[in-house]
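Using the supplied hints, reconstruct the complex from the two chains, each of which is provided in its own coordinate frame.
If you read the protein sequences in the order shown, they are chains A and B. Using full-length UniProt numbering, the letters of the first sequence correspond one by one to residues 1 to 478. Using full-length UniProt numbering, the letters of the second sequence correspond one by one to residues 1 to 379.
None of these hints come from the bench; they were simulated from the model. We put the beta carbon where it would ideally sit given N, CA and C, even for glycine. Just so you know, not all the hints are guaranteed correct.
[What the hints assert, rightly or not] Not the full set, but computed from the structure, chain B residues with beta-carbon under 7 Å of chain A:
hint: 1; residue: P11
hint: 2; residue: K17
hint: 3; residue: N29
hint: 4; residue: S32
hint: 5; residue: T69
hint: 6; residue: N73
hint: 7; residue: T103
hint: 8; residue: Y106
hint: 9; residue: Q222
hint: 10; residue: N239
hint: 11; residue: S310
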Amino acid sequence: MFRKVVQTDCMKRRVVKYYSTTPMSSHMIMRFEKYAKVETFPLLKTYKVNVPHQFLIQGIIDGYQFSVSYKNEHWQKHEEKLDIDLGIEAKENLAEKIYFDYNATTPLDPRVLQKIMPFLQNLYANPHSAHSLGQKVNDELQKARSKVAKIIACSPHELIFTSGGTESINMALLGVVRHEKNSQKRNTIITAATEHSATLKTCAFLQSQGFKIKYLPLENGIVSLSALEEYLDEQTLLVTLMHVNNEVGTIQPVEKIGQIVRNSPALLHIDAVQALGKIPIDVQKIHVDLLSISAHKIYGPKGIGALYVNEQVNISPIIWGGSQEYQLRAGTQNVPGIIGMGEACQIALREMEKNSCHFHTMRQHFLQQLAQKQITFKLNHQLPTSLPTTLNISFPEIDGDTLMMMLDEKGVIVSRGAACNSKSQEPSATLLSLGISQSQARNSLRFSFGKYTTSEEINICINSIAEIKKTLNAKVLS
Amino acid sequence: MIYLDNNASSPLAPQVKQFLLEHLDIYANPSSFHTLGKNSRQLLDVAREQVAYLLGGSPREIIFTSGGTESNNLAILGSLPCAPKGQNHIITTKVEHPSVLNTMRYCEKQGWDITYLPVCKSGLPDLDYLTNSISSRTFLVSVMYANNETGVILPIDEITRILEKYNVIFHVDATQMIGRQPLSVSDHSIDLLTISAHKFHSLKGAGALYVKDGTRISSTVQGGKQERNLRSGTENFHNIIAMGQASYLAKTSFLDKMDKIEQMRNHLQNFILHNIPQCVVNGIRAPRIANTLNVSFRGVLGDVLVRELSQHNVYVSHGAACSSGAREPSHVLKAMNLEWDFITSAIRFSFSIYNTQQQIEDLKELLPKVVDKLRNMPE
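The following block holds chain B by itself, in its conformation from the complex (with noise of 0.2 Å):
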């Protein structure tokens, strides 16, 4: 089996599992008061810690969610009933995950104004656009850090620089960076940002919204206060210590294979360039997360493809797991400007620690042959 499609979620690390099996016999709510509680409690800050040791803040200002799209929704929803009379005005870009976008069009429901940023064909962000559309009635900018279906980064540095002269929130969606890419919320003026445990090797069902001290933001869930009031509910105990081993390990251990990561991907990307015709590697001109790859075969169909593929224990995705449920084309690379056959042959790479040159020397045998035989296929 060659898993492919680590962007849409990734193996538990070997680590985290026994981690977790060790710990699987704790279950005392870490809301309680007696010992039992606040045995839990104290394990759940210990998570807390690594999880802020590896975005750089500091442990109170991580509040842990079900996960990436909870989190994205709580910095939206949370931070605009603090905005001041006036600022209505939200900017994010095209090319953002589902529960960005759609979370921005309820908001344009509610009567707020957005600016969707425009992207290049590099799949970076139109920054002159950004520079002319922000102004003092701006109240949040929310951009990803990488993008989930091209890898591209995006240029953090230069929208913090932008946005230095106006008082707005910025949220960074960095779901995609984690254990990918060194990050630290220190080094840019990032008030909130989004990570998702099950990208990097632990489990579904847990994520954190960073919350840098001094945000102001409300909840969006009510009840038993938990999280510091932002985020009410029983804890996913398992699921958030799971994330805090993990976390250590993306730190530590994760990013230090991502050479071998960039170099397989390279090397996959360098053989269908070589060897494919008429494939274009969507966002190669940007800078990109070191495991990403996204092709555009022209003239296969993408989900055709992919399932073509996964019959050959070959598990790759076309287009963001979100979505693909739904068939519509990529709105990132429609964003992107791609001409329409290349929007819906696109495929989507993403590498883990935990493939191997061997399978990617499979992948070259199987690949021509499947694009072949798709390409030929009367229609």
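Just chain A, same shape as in the assembly (with noise of 0.2 Å):
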């Protein structure tokens, strides 16, 4: 018999202690253990089990089902039956999982975690503090600067850190915008359709404030550079364009774009958030005034992200407050995070080529395996221009939200687009924007791989989508 006390209404979901009244076996014990810490009471007689909220009391309580009583905010009596199986998987399943979604975030390398653990423990102080703890932090986030200026060939001082890709794309092209004194004649933003919606809800908000927006046209997926020449006037501010897109991965030719924009007064943001890692960036090479890359792309942290800032450009802060990041960015400094980010970004240098040839590797075995199992597909890219790590495709007759969903619950987890639009059952505005069809776009999805990925999972997956493929064709046929 168990005993579930709650202390207060808004705790009723979180915050429960559940008490057995009688003896608990050790078999149980053992259960309870490996989610909560078990207090027992031997002069009681009783157990405590506290549970630190909803996500783990399920856990427990996976594979039995019993009564408890407990007494609510008004400390009436309350008897409630609790069920097996309320919809979340046990934590140790999650692990059996296939991952192919790896362009939305990645698993911490555990190279990255051991590094990050010092500033768990002892390393607690704030960097900006004078004493010698402090400076200490300080020391070894300055070295993790440097660590992450060396994988784009900038100097350290031109990095500010932020709390991810999302806030530097918008530190540069807001705090571009700001800093500019004659805004209303150097009005003009030059972008692209593709972009992630960072810079794109970023562009729409300036174009409430009265800039103008240009979109460049795109010829299988890049940006036509005669057409960028020509948008560039003198009433350009900014381009802004990523390197490599998030959805099917092409690569933009920034060197080319860097020569174009380097003869105009306007300067260049690159959103890099997702070519960071996977192919070489230097800036100098692609005369970039801006540059946003992510942590949590490359098996980092999330929360953590930098804004490179030549050290020729000045732009406006948009969050104002301590001196922080060359007053850059004010706010006490996400020292784990950019530990982490640091460790990440050299790890990723170091093993570029090896997971460039993995990429590769994995790419091909991936369509050698869907023609193999005689599995009609499209591309919705072209291969030559696209990063390796990145397959959005569309298979006809199956809707992609249904496959999507079918493929998971055989344990493969993939994607219909970008993370932050997948609520939407709309297709992909990117897809959309490179001239794929509705109804093409509605059957697609994205195949992400990463450098944890086997040829085993990718012809786990292929088999799960022949057989899902089967089921649905029975389905209409009967």
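If you want it as structure tokens, here you go:
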């Protein structure tokens, strides 16, 4: 018999204590200990299990069914029947999933975690503190800055740490606009319709503020360079384009773009979030003024990113306060995040070649397997001009959402496009602007590979697709 | 090591750390539609409920940000575009954190009319000044709950009463209050409230803004529409779930230990006042959060004392961490009208539940010697 004690109403679903009034078998305790701390009170012959939140409670009762009684906020007694299988997978099952959504985010590299650990323990001081503990943290922070600088070949003092790619992009666009004194005249921004929503939404916001936004035409997903030359004029304040597309993996010719923009008074911002760690980035070669990167796409932590700001370029901050980050980004630095990003960048740079080979093999294998299983598909992008980490494929006559969910049930995790827009049932706006038809876009899935992807995982994925196709066809026939 | 700089940043609570390590293998993007994404989303929502529980609001009123500074910026810069015509006046105080003051300065350049409330010698704001300056033109009032340098708690109740008659948005920066004093947004008519995780034994890089239902506010970062479209960008998942755990602890266990901290603080305070000549405790006549002690040791330079103490593994600070790099005299103490000697010689001790009585005893041994040494040092 278990008693669940809820102390206040708003804790009802989160912080609950289960009291076992009967002695628990050692097997039960072991099951509990997987999820929560078990305190035993031998004298009272009771066991107290502190369950921090709902998710864990569901883990505990997985496989069991029992009633508990507890008192609610008015101290009335409540009986509650707890059912097993409440919809959330028990935690151990998650590890068995096959993940093909590396473009959305990546797991933490264990080596990165190892580097972060001291900053979860003793090195917790504020890096802005004047005492030696603060200075020690600050020294480590600067070392991490140098590591990040190395991967894009800039000087450490040209890097501003932010809370991630989205903030970096916002800072680049809004920072340039707000710094421009003559924004009545220089009021045009050039971009493309396939950009990340952080760019597109910020551009839409600036449009509502009176700015002119010009979208470059695309040829096979690549921006038209002649159009860029044509669009650039005295009024152009900024050109903002992504290095690698998040949904289809197309690589833009950034060096050529840099050459063109360089001959005009406009500034160039490159969103390199998806390119980082996968292809070499050299800010000198691109002649880029601003460049956004993010850690969680390269096996670093979430909540940390950076903006490269060329030392010749002045922008305005978008977050005001203390003098952190060369007075461009106020707020106590996310030290564990920055340390993790530094390590992730160092590893990514070191293993770039090895990973690149791996991605090519994986993509090759994936396409071969599809052909071998005689699954008809259509590619939404050109292979030679896209990164081997991403395959955006449409399967005729299979609805993308349905396929995604059925694959999910089989333990294969894929996505329909950018994570940010994944909740909408609409076809991907990126695919539509690439000239892909509504129906083809609806039938599309994005498979993105990472350094942990194996050919066995790909085999399972393709087999699952084949099985699902069979099931669906059988349904249609019957 | 004696760490007494918890107002700058605090160590991770062991329970939070354990929770974090257990959940590090969960990595999916909470915005992803697949099972793994939904799983992350659910954990994120649990954290949201935990923070709401701490603050006394409802979960949908919690917006996660990258920290206190961003929350303050979002509160101010996010609400201003929603101001009706004719309401172009903001009231704040002279003792706010730089993330409010510098944002106000930016707003001033954009044409906003800003009143900076003066404070009395005690550190408390001049409420008559507030009554006189508030008008139907006032759109936003932004004050801190507890001052980061002196620990002085502002009379939020009385301020609320003054604001009642006006149609203003009330923003409170409660960064230093969490885990140190009980607080509930529903007790006062607070519209926006800032918290920061690393001040209450969680990780840097996460914070939250409480946005009361119905408060008009626009986003300052555009993109993937996360956080009710108020704060785009992939959520800082691990830091946020850690903050959720810390919020629960702050409400349930940190507060219970505050009496002990207050005793330690008062013990050190009395020792200093009785045994070291020419010392002043700043903010002593106002209500203060239990963990903060700001003392001026006349004749000593604050930053020199900080460095000298850190040689002995005692970590305190000279003013706020954010401005300590700039070596500027504290704007808080300046606003309190302290004599110059007392401003430059101020030190902040900020305690946490992980400090022990033994550490205070050790400090009692050390502090008079160090102050004496510095006072007798030739110029």
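Q | Hint check, K17(B) versus chain A [nearest Cβ-Cβ separation less than 7 Å] | A | Given a least distance of 6 Å, the restraint on K17(B) holds.
Q) Does N29(B) pass the interface check with chain A, least Cβ-Cβ distance below 7 Å? A) N29(B) check passes; min Cβ-Cβ to chain A is 4 Å, inside 7 Å.
Q) Hint check: is the beta carbon of Y106(B) less than 7 Å from a beta carbon of chain A? A) Cβ of Y106(B) sits 5 Å from chain A, so the hint holds.
Q: Verify the interface restraint on N239(B): the C-beta must sit less than 7 Å from at least one C-beta of chain A.
A: This hint holds: N239(B) lies near chain A, its Cβ roughly 5 Å from the closest one there, short of 7 Å.
Q.
Checking hints one by one. Is T103(B) an interface residue toward chain A, by the C-beta closer than 7 Å rule?
A. Holds - the Cβ of T103(B) comes within 7 Å of chain A, reaching about 4 Å at its closest.
Q) Can we keep the P11(B) interface hint, with Cβ of chain A closer than 7 Å? A) Constraint on P11(B) satisfied, holds at 5 Å.
Q. Do the numbers back the hint for Q222(B), that is, is its least Cβ distance to chain A under 7 Å?
A. Holds: closest Cβ of chain A sits about 4 Å from Q222(B), inside 7 Å.
Q: Hold the hint about T69(B) up to the distance rule: shortest CB distance to chain A must be less than 7 Å.
A: holds (3 Å)
**Q.** Proposed interface contact between S32(B) and chain A, which counts if any beta carbon pair is under 7 Å
**A.** holds (5 Å)
**Q.** S310(B) as chain A interface residue, shortest Cβ-Cβ below 7 Å
**A.** Nearest chain A Cβ about 4 Å off; hint holds.
**Q.** Status of the hint placing N73(B) at chain A (closest C-beta pair under 7 Å)
**A.** holds (5 Å)
The structure shown violates none of the earlier numbered hints.
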